[in-house]
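Asker: Below, each chain spelled out in residue letters.
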Amino acid sequence: MLGVLFDGIAYGSLLFLVSLGLSVTMGLMNFVNLAHGAFAMAGGFVCVVAMTRFGVPFLAALPLAFVITAAIGAVLERLLYRRLYGAAHLDQVLFSIGLTFMSIAAATYFFGSSQQPMRLPAFLRGQVSVGGVDFGVYRLFLVATVVVLTALLGVLIARTRFGAQVRASVDNAQAAKGLGINVDRVFSVAFALGSGLAGLGGALGIEVLGLDASFPLKFIVYFLLVVVVGGAGTIKGPLVAALLLGVLDVAGKYYVPQVGAFVIYAAMVVLLIAFPAGLFGRRR
Amino acid sequence: MKALPGKRTIEIIFWLVPVVAFFLLPGYLVLGSQILIVAIFALSLDLILGYAGIVSLGHAAFFGLGAYTAGILAVKGWGEPLSGLLAGGAMAALAGFIVSFLVVRGEDLARLMVTLGIGLLLFEAANRAAFITGGVDGLSGVAMWKLLGVFPFDIGGKTAYVYSLAVLVIVFIALRRLVASPFGLSLTGIRENKQRMPSIGAPVQRRLVAAYTIGALVAGIAGALLAQTTQFVGLDSLGFNRSAELMIMLVLGGTGRLYGAIIGTVVFMVAQDYLSGINPVYWQFWLGLLMVMFVFFARGGILGALEKLKR
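Protein sequence lines correspond, in order, to chains D and H. The working numbering puts the first sequence at residues 731 to 1014. The working numbering puts the second sequence at residues 10 to 320.
Just chain D, with the same shape it has in the complex:
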């Protein structure tokens, strides 16, 4: 019971890490980015390539995954995403599905369609036993990483000048512009940051979610779910939603395996009906 709960929390914190960027694009730019999973996949592949081809240690490959994915995100935002900020949601959906398809095809071309192998360093493998309950070391590491990152992000958003600009832009982009905040730049930086976090999540998640070319489509539903259920544009909303979904999903698969993913989809539809704007949604 405790073990299932813990696995669920580990899974949920991973979902949170990846979904945070999506929450930013949806909350800040009101952009439905269905290609968000592709950034997570990119991070995963960066990590795998760095480790297997260049012998980079796992802990060094993680920041690499963050930086490279953030760079890709920044470039794409400049070249493509920016043009569609005010566009109809249908356009954004089509554009981002197109991007997703391209990323899947490209990943299949370069890496094949099989699961990517991944070998964790020895100190992250195995189990530790606390009070008679076994915890996976890697999952502990995962939760700890996400807790630290969330705390850092919280400080970034609540305490720094950039954070204040982000909050102002989310609340009212027009007024923020009028006050001399460079909203375009805030969007760019936030997008890059979100992509980087997704990449980091993808790299950290290889052990839990797996990594293959179909990743962007397979998991985008979960990421969207976290954002839509939690309410876009906040940190608290996605965090609560991700933990809730993580625990529900793991518990569902553990206790009622014959029903499978049904639990999570049903929960999503029910939650959406009960809270159309998300659990912590902001009114527009």
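Do not take every clue at face value.
[Claimed, not checked] Capping the alpha-carbon separation at 16 Å, the derived lysine to aspartate or glutamate pairs in EDC-like fashion look like this: (1) LYS948/D - GLU133/H; (2) LYS203/H - ASP117/H; (3) LYS983/D - GLU20/H; (4) LYS16/H - GLU316/H; (5) LYS948/D - ASP245/H.
Bear in mind the hints are in silico, worked out from the structure with no lab data behind them.
Starting from the known structure of chain D, fit chain H onto it as the hints suggest.
Answerer: Chain H only, in chain D's frame:
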């Protein structure tokens, strides 16, 4: 819009193409009937997306529901095609009616998620209920009786082609009357400005519920048709890819135009048949690129581009 000269002639030629194809391309009748069926499916999405402006990522749910309904009926011993077709449509319409209340109340994003979620929910349900749907292996053993008691479904697909074409023509005529009616015009009005429609006396919610239900009905008919003509129902008939591809076809041809749905389907499916024969992975890449290009450069689709040329 002023009536273009020769519009009638173009329409007649347009509808002669599938008839001529029947005689000239006997080797492509199987692909041909698939195209006709997907065109019906695209028309159903055009009604709810192109006319009513409801963005849906799970339209395949209704297609699959119709397909499974007709397929399971036939497997259980009732292989009469026309009643099976109606049963498939009715089942999808019923589901569409129920779902529509969830769909019409939200904004774009909530609609996307609800339609996506319901699509996934049905996919999982069909996947898990393998004892009636066949699960991942698909539903096989769909034995159809003779169409109208006279024409058996042949290997070459002649009956299937003519059957599909007939259904397409009927659906097309019905939908054309529908979108030109005051009801159809009010849908366009809702798409363009949801806030203003109530003030001229249009009940927005009720109109959208009706449109969504009709869209589901037509999608169910298309699904049932596919089940009957291929005598097989696969899980992919419910899948996300089918919903996404359908959206591409519609946008390719031009949304909010009935001919756009048909032309987009034909172009897409012929290209897919040709290109994915070369390499399925490349096909997915070109497909993605095409979608991105269309969003940036050709928002009206093929018909929109033609209209611009004419001006």
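Asker: Now, for every hint given, state plainly whether the structure supports it.
Answerer: A quick look at each hint next to the structure:
no.	hint	verdict
1	LYS948/D - GLU133/H	13 Å, holds
2	LYS203/H - ASP117/H	12 Å, holds
3	LYS983/D - GLU20/H	54 Å, violated
4	LYS16/H - GLU316/H	13 Å, holds
5	LYS948/D - ASP245/H	15 Å, holds
Checked against the numbered hints above, the structure violates only hint 3.
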